[in-house]
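Enquirer: Chains as they are written, first to last, in our numbering: chain A, 1 to 193; chain B, 1 to 193.
Keep in mind the hints are simulated off the structure, nothing from the lab.
Wrong hints could be hidden among the right ones.
Since the list gives no way to pick one copy over another, a pair counts as held whenever it fits inside one copy or between any two copies.
[To be verified] Cross-link-like lysine-lysine pairs, in silico, DSSO-like; alpha carbons within 30 angstroms at most:
1. 131 / 34
2. 34 / 44
3. 77 / 131
Protein chains: 2
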Amino acid sequence: MREQLIEAAVDYFHEHGFNGSGIKDITDAAGTPKGSFYNHFDSKEAMAVEVMNRYADSRQMGMLADESVPPVERMRKHFDYLAADLERFDYARGCMFGNFGAELSTQSSVIRDEVDTKLARWASLLAPVLKEARAAGSLKSDMDDPLLARFLVSSWEGVAMLAKVTRSRAPIDDFFAMFDSIATQDRRRTKKR
Amino acid sequence: MREQLIEAAVDYFHEHGFNGSGIKDITDAAGTPKGSFYNHFDSKEAMAVEVMNRYADSRQMGMLADESVPPVERMRKHFDYLAADLERFDYARGCMFGNFGAELSTQSSVIRDEVDTKLARWASLLAPVLKEARAAGSLKSDMDDPLLARFLVSSWEGVAMLAKVTRSRAPIDDFFAMFDSIATQDRRRTKKR
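Bound-form chain A, shown alone (with noise of 0.2 angstroms):
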């Protein structure tokens, strides 16, 4: 039943975010009784700690420690993961993350640590990877790694949001413009002759 719950809320808050959610919202979508709820969870704020961490399993950030694929590629593989999980909701939901932060980082302490902790895990998964990128030749920006890893994070997030606003791909286009503008292509490994 905890499992049918966390399932359901990490649907209901990534559409109606947390405070457009209410106990009773979540425990019909999972369809389980209204008092199911505190037999599992302490709070609301308590449940989406929970949630988050599904949402960040979700995120599949091994693929960004895949060493099999070359640097640039790998990082364009994972945002492109990432904007086809935003179009398979059309654009409407944005990041979790992001909507928390936005929503909630006045109200509780508890959810702003969570998201500073997981977006600042994401930023460092990134920085060996543009490191990589760049040991290859094929990083254009002269921005330091760790620097440039954080503001592919935080401008994910805007982007993230002005899809939900605009509904549509548009704002992630640009975002990939961005990154073309400061990676080259992987150079490809040398055939043998």
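Given the structure of chain A, go ahead and fit chain B onto it with the hints provided.
Expert: Same frame as chain A, now just chain B:
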């Protein structure tokens, strides 16, 4: 009394978000009776539109049209102004457009359209300044001006959200580092000999 209500609402919505602000919270903050609200506004949503107009006026977008300031310096002053406004609240409040966009896009098409309009207008005011900077040889980016203008807006929105989450200026510094990596100093005007 309408004016008092709007001023209180700008402040309250900015800090607590739309769903985190009750009508009574706003009338209390304005020092007006709760009943006064519906004498002046049809709904909280209608009030939010007024609030966004008021917030937009305070962005001082006119700075972007001041051709007495060289274009790169002008954009930097513009973003410095917005950064100072975020700092005024210890970075806790973010940008109201981004907040509303993230929180309300699925809940209210009226507010979503309004955020879309406001941010599109902002990009349309930045694009000609980028064009001026490019004509003056002060832009390194090869992204086209309207696209770069839109990307500056969406990345700023992401940065304002991250500043809120981290309660720090660090994401804004990242934004300026990116800005400096694409825009060089304006050339000094040639002095008369």
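Enquirer: Evaluate each hint against the coordinates.
Expert: Do the hints match the structure? See the list:
Neither within a single protomer nor between protomers do residue 131 and residue 34 lie at most 30 angstroms apart by alpha-carbon distance, with minima of 50 angstroms and 58 angstroms respectively. Taking CA atoms no more than 30 angstroms apart as the test, residue 34 paired with residue 44 passes in both settings, with 13 angstroms inside one copy and 29 angstroms between copies. With identical chains, the CA atoms of residue 77 and residue 131 are at most 30 angstroms apart within one copy only, with a shortest distance of 17 angstroms there and 32 angstroms across copies.
Taken one by one, the earlier hints fail for this structure only at number 1.
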